[in-house]
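Please model the complete structure; the sequences and the hints are all you need to start from.
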Amino acid sequence: MHVLLVEDDPSLNRSLVAQLTEAGYRVDSALDGREGLYYAKEYPVDLAVVDLGLPELSGIELIRAVRAEGKAYPILVLTARDRWQDKVEALKIGADDYVVKPFHVEELLARVDALLRRAGGWAQSELVCGPVSLDTRSQTVTANGEPLELTSFEYRLLEYLMLHAGEVLSKTQITEALYDQDFERDSNVIEVFIGRLRRKLDPNGEFQPIETLRGRGYRMALPRGAPAPR
Amino acid sequence: MPLFRSLRARVLFWVSVAFTVLFAITIVALDRAFASSTERAVRELLQVQLLGLVALAEATPEGTLTLPEDAVAAANPQFGVADSGLYGVLWDADGVPVWTSSSLLDRELSVPKWPAPGEQDYVLIDTPQLPRLEALLEGVTWEFSEGNAPRYTFAVAVSLEPYDERQAAFRRNLIGWFTGVTVTMLLVIVGLLTFVLRPLHRLERQVREVEAGARSRLSGRMPTELVGLASNLNALVETERRRLVKYRNTLDDLAHSLKTPLAAMRTLLAEARDPAKGSLDESLNRELDRMDQRVSYQLRRARASGATGLGVEPVAVAPLIHELVETLDKVYRDKRVSCELELARSATFRGDSGDLTEIIGNLLDNAYKYCKQRVLVTLRGGPGSLTITIGDDGPGIGSDVLPRLLERGIRADESVPGQGIGLAVVRETVELYNGSLRFGASSLGGAEVTVELARPGAIGG
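If you read the protein sequences in the order shown, they are chains A and B. Going letter by letter, the first sequence gives residues 8 to 237 in my numbering. Going letter by letter, the second sequence gives residues 13 to 473 in my numbering.
Hints listed in this document are in silico derivations from the structure and should not be mistaken for laboratory results. A virtual CB, placed ideally from N, CA and C, is assigned to each residue, including glycine. A few of these clues could be false.
Cut-off 30 Å, straight-line C-alpha distance, at most; resulting in silico cross-link-like pairs (BS3-like, lysine-lysine) [what the hints assert, rightly or not]:
#1 B/Lys381 with B/Lys347
#2 A/Lys48 with A/Lys178
#3 B/Lys342 with A/Lys48
#4 A/Lys99 with B/Lys381
#5 B/Lys342 with A/Lys99
#6 A/Lys99 with B/Lys347
#7 B/Lys342 with A/Lys78
#8 B/Lys347 with A/Lys78
#9 A/Lys99 with B/Lys384
#10 A/Lys99 with B/Lys258
A partial selection of chain B residues facing chain A, derived with a Cβ cut-off under 10 Å [stated by the list, open to error]:
#11 Val108
#12 Pro109
#13 Asp265
#14 Ala282
#15 Leu300
#16 Met303
#17 Asp304
#18 Arg315
#19 Glu338
#20 Lys342
#21 Val343
#22 Arg348
#23 Ser365
#24 Gly366
#25 Ile371
Listing some non-contacts, in silico: residues in chain B with all C-beta distances to chain A over 10 Å [said to hold, decoys possible]:
#26 Phe35
#27 Gln59
#28 Pro127
#29 Leu204
#30 Leu248
#31 Leu270
#32 Pro273
#33 Leu274
#34 Leu280
#35 Glu335
#36 Tyr382
#37 Ser397
#38 Ala453
Put into structure tokens, the structure is as follows:
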């Protein structure tokens with residue numbers, strides 16, 4: 008998942024990039040509003056974290072411009088001004104949530120996580136598709152109640168598929184979401200990981216969680232929500 | 013002149029004083045003129061009558077002087093009518109009356125001194141038996157024969173009563189007329205002043221409204237004398253407004269420049285987290301929290317303006333609540349809070365909209381945070397006050413927490429971030445507006461907070 012970070016304080020910017028990367032996001036960062044707007048328009052972005060007090064172009068103007076472009080991804084506002092008028096204004100022009108400085112990193116990550124879930128149409132932090140259940144907070148996965156051991160990449164792939172459960176995701180989309188911008192794109196890698204994920208989730212081939220649509224991509228085939236009790 | 017705080021009273025007072033003095037002088041002068049013309053008339057009358065009497069005097073064969081009654085009555089019948097107001101007397105040299113007119117009946121004219129022969133004297137006679145009289149006396153030497161020329165004194169007196177009455181009537185008339193003129197004049201002046209001072213009153217009212225926040229600037233047509241004043245006042249209002257904006261921008265910059273490094277420090281700490289130094293991380297984080305709290309608290313306090321002075325426009329409260337509810341619905345989306353609103357649409361707040369947003373935002377945020385599912389906001393606005401009640405269906409406020417909620421400011425050792433600051437700021441802001449904050453139980457089952465804000469104009473000074 009690509010997170011765009013626009014924060015003008017170099018040390019906070021650098022540190023947040025590290026934290027977000029560690030949490031498993033692909034991060035593009037900008038140090039001023041103009042640069043941020045360029046990234047926001049031109050790069051694949053799943054969520055933007057925007058400081059309100061930016062040089063060149065204020066956070067408010069940036070958000071307005073992004074929304075005017077028709078971009079619908081969630082925007083989380085960082086603000087040093089904890090006035091309600093600022094919060095109200097930021098949310099009115101299109102931001103989705105705010106975090107007041109100085110925040111706890113855990114809180115920021117929780118908000119980012121929650122916004123991404125909401126964007127995928129999930130209200131809870133636990134994503135459940137039939138027998139597969141993924142907890143975005145603890146980053147754990149269970150299938151039929153059994154905990155699964157997944158690598159970091161496998162987890163992010165599954166999370167991305169489950170967040171968009173029911174949607175067809177092309178290999179390009181998946182690659183863009185999971186890799187850095189300049190990563191050499193080799194779609195075969197995705198095929199390999201999908202195969203591994205299938206074996207781990209469904210070793211006996213009982214419920215076919217991930218569907219392959221030839222020439223179009225992949226889809227989480229399990230219906231959202233827990234299966235009806237038998 | 014501290015005695016008169018109104019221009020109108022001042023003008024009226026001095027105009028009345030001037031009129032009174034002027035009219036008093038006029039009345040005295042006219043009264044005097046009338047009196048002296050009366051006196052002249054009386055004296056002419058006396059001269060004529062005296063001359064007549066002297067002409068009628070006849071010598072008797074006994075060698076005395078007398079006045080024949082029928083001749084006198086023929087000359088002027090008033091001498092013969094009792095109490096007619098015209099009297100005549102003739103005395104001999106010993107002061108014994110030889111003739112008195114019938115009009116005098118049996119009374120006597122007492123004369124203070126006798127005029128020498130050939131001389132006349134005007135005398136005022138005021139005795140209880142007679143009305144006030146003016147008399148003309150003339151001493152005469154009557155030559156009956158060679159060597160026999162005794163002295164006589166003729167007197168004619170006129171009652172002054174009718175003249176006095178006329179004088180009094182004239183005076184009454186005079187005072188009546190002048191009083192009428194004065195009153196009319198003052199009424200005209202009052203009307204004129206009202207008309208002339210109307211723009212001033214309008215200006216004064218507008219200034220009051222600007223002060224109370226009912227209007228943002230002075231407007232409308234002004235007479236040329238007031239245009240300068242009005243534009244100066246407007247400039248003052250504008251400066252005040254700009255000063256507030258600048259002050260707040262400075263505070264915003266300060267907040268940004270203080271809090272961004274705090275955020276960076278905290279993120280760096282998280283980044284460099286080392287299980288071996290866990291307790292150090294924890295204590296550093298705690299210090300950061302305290303620092304943040306103090307900075308936040310002081311900045312938010314400083315920001316609350318309590319602006320009730322010049323150039324503050326009245327704030328419509330209902331739309332402001334709607335916006336806050338929309339914001340919080342977005343922030344607490346996952347919680348799916350159902351917020352019911354009972355808002356008096358016309359309610360306005362005379363003060364700073366930022367302050368009001370801060371008050372309601374913090375309280376509403378608490379309600380959203382602690383409620384299970386439902387929040388109820390009611391807004392009532394009277395002419396002089398504004399009442400906002402926010403209730404929820406959460407656990408309510410424990411009696412052990414309540415005293416802490418009412419404590420002034422935040423305590424330095426308060427360690428839970430975000431807790432208390434909001435409420436402390438709310439309380440101080442409410443106090444700036446002379447308002448009150450009450451905690452109670454909501455009909456929804458949880459806590460209820462009631463904010464009452466008085467009209468800022470009601471604050472003294």
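Consistency of the hints with the structure:
1. With a C-alpha separation of about 9 Å, the suggested pair B/Lys381 and B/Lys347 falls inside the 30 Å cut-off, and the hint holds.
2. A threshold of 30 Å between alpha carbons decides the hint, and for A/Lys48 with A/Lys178 the separation of about 22 Å falls inside it, so the pair holds.
3. The suggested pairing of B/Lys342 with A/Lys48 holds, with an alpha-carbon distance near 24 Å, which does not exceed 30 Å.
4. Taking the CA atoms of A/Lys99 and B/Lys381, the gap is near 20 Å; set against the 30 Å cutoff, the hint holds.
5. For the given pair, B/Lys342 sits about 10 Å from A/Lys99 by alpha-carbon distance, which is consistent with the 30 Å threshold.
6. Our distance criterion of 30 Å between C-alpha atoms is met by A/Lys99 and B/Lys347, whose separation comes to about 20 Å.
7. Restraint check for B/Lys342 and A/Lys78: satisfied, since their Cα atoms lie roughly 18 Å apart, inside the 30 Å limit.
8. Distance check on the hinted pair: B/Lys347 and A/Lys78 sit about 26 Å apart at the alpha-carbon level, within 30 Å; holds.
9. Among the hinted pairs, A/Lys99 with B/Lys384 is consistent with the structure: their alpha-carbon atoms are about 25 Å apart, no more than 30 Å.
10. For the proposed pair A/Lys99 and B/Lys258, the alpha carbon gap of about 24 Å is at most 30 Å, so the pair holds.
11. For B/Val108, the interface hint is violated, since its Cβ never comes within 10 Å of a Cβ in chain A; the closest pair sits about 118 Å apart.
12. Interface restraint check for B/Pro109: the shortest CB-CB distance to chain A comes to about 114 Å, outside 10 Å, so the restraint is violated.
13. A hinted interface residue such as B/Asp265 counts as satisfied when its beta carbon comes closer than 10 Å to some beta carbon of chain A; here the least separation is about 8 Å, so the hint holds.
14. Annotation: B/Ala282 was flagged as interfacial toward chain A, and the flag holds, the nearest CB pair being 4 Å apart, inside 10 Å.
15. A least Cβ separation of about 6 Å between B/Leu300 and chain A falls short of the 10 Å threshold, and the interface hint therefore holds.
16. Taking 10 Å as the C-beta contact cut-off toward chain A, the hint placing B/Met303 at the interface holds, the least distance being around 8 Å.
17. Taking 10 Å as the C-beta contact cut-off toward chain A, the hint placing B/Asp304 at the interface holds, the least distance being around 5 Å.
18. Look at B/Arg315: its Cβ gets to within about 7 Å of chain A, closer than 10 Å, so that hint holds up.
19. This hint holds: B/Glu338 has a C-beta 7 Å from the nearest C-beta of chain A, less than the 10 Å allowed.
20. Because the beta carbon of B/Lys342 sits about 5 Å from the nearest beta carbon in chain A, less than 10 Å, this interface hint is met.
21. The restraint placing B/Val343 at the interface with chain A holds, with a minimum CB-CB distance near 6 Å, inside the 10 Å limit.
22. A hinted interface residue such as B/Arg348 counts as satisfied when its beta carbon comes closer than 10 Å to some beta carbon of chain A; here the least separation is about 8 Å, so the hint holds.
23. The criterion of a C-beta within 10 Å of any C-beta in chain A is met by B/Ser365, whose closest approach is roughly 7 Å, and the hint holds.
24. Because the beta carbon of B/Gly366 sits about 5 Å from the nearest beta carbon in chain A, less than 10 Å, this interface hint is met.
25. Because the closest C-beta pair between B/Ile371 and chain A is about 9 Å apart, less than 10 Å, the hint holds.
26. The claim that B/Phe35 lies off the interface holds: its Cβ sits roughly 67 Å from the closest Cβ of chain A, which is beyond the 10 Å cut-off.
27. Its beta-carbon lying about 104 Å from the closest one in chain A, B/Gln59 satisfies the requirement of being farther than 10 Å from that chain.
28. With a least CB separation of 109 Å from chain A, B/Pro127 remains clear of the 10 Å interface cut-off, as annotated.
29. Distance to chain A confirms B/Leu204 as a non-interface residue, since its nearest Cβ pair spans about 51 Å, more than 10 Å.
30. With a closest Cβ-Cβ approach of about 25 Å to chain A, B/Leu248 is found to remain outside the 10 Å limit, as its non-interface label requires.
31. Interface exclusion of B/Leu270 from chain A breaks down, the closest Cβ pair being 7 Å apart, not more than 10 Å.
32. Listed as a non-interface residue, B/Pro273 fails to keep its Cβ farther than 10 Å from every Cβ of chain A; the least gap is roughly 7 Å.
33. Chain A draws B/Leu274 into its interface by the beta-carbon criterion, the shortest separation being 4 Å against a cut-off of 10 Å.
34. Here B/Leu280 does not stay apart from chain A, with its beta-carbon only about 5 Å from theirs, under the 10 Å limit.
35. For B/Glu335, the non-interface assignment is contradicted: its Cβ lies about 5 Å from the closest Cβ of chain A, within the 10 Å cut-off.
36. For B/Tyr382, the requirement that its beta carbon stay farther than 10 Å from each beta carbon of chain A is met, with the minimum near 18 Å.
37. Consistency note on B/Ser397: stated as away from chain A, and its beta-carbon is indeed over 10 Å from all of that chain's, at 22 Å minimum.
38. Even its closest Cβ contact with chain A, about 26 Å, leaves B/Ala453 beyond 10 Å, as expected for a residue assigned away from the interface.
The structure does not agree with the numbered hints 11, 12, 31, 32, 33, 34, 35 stated previously, though it agrees with the rest.
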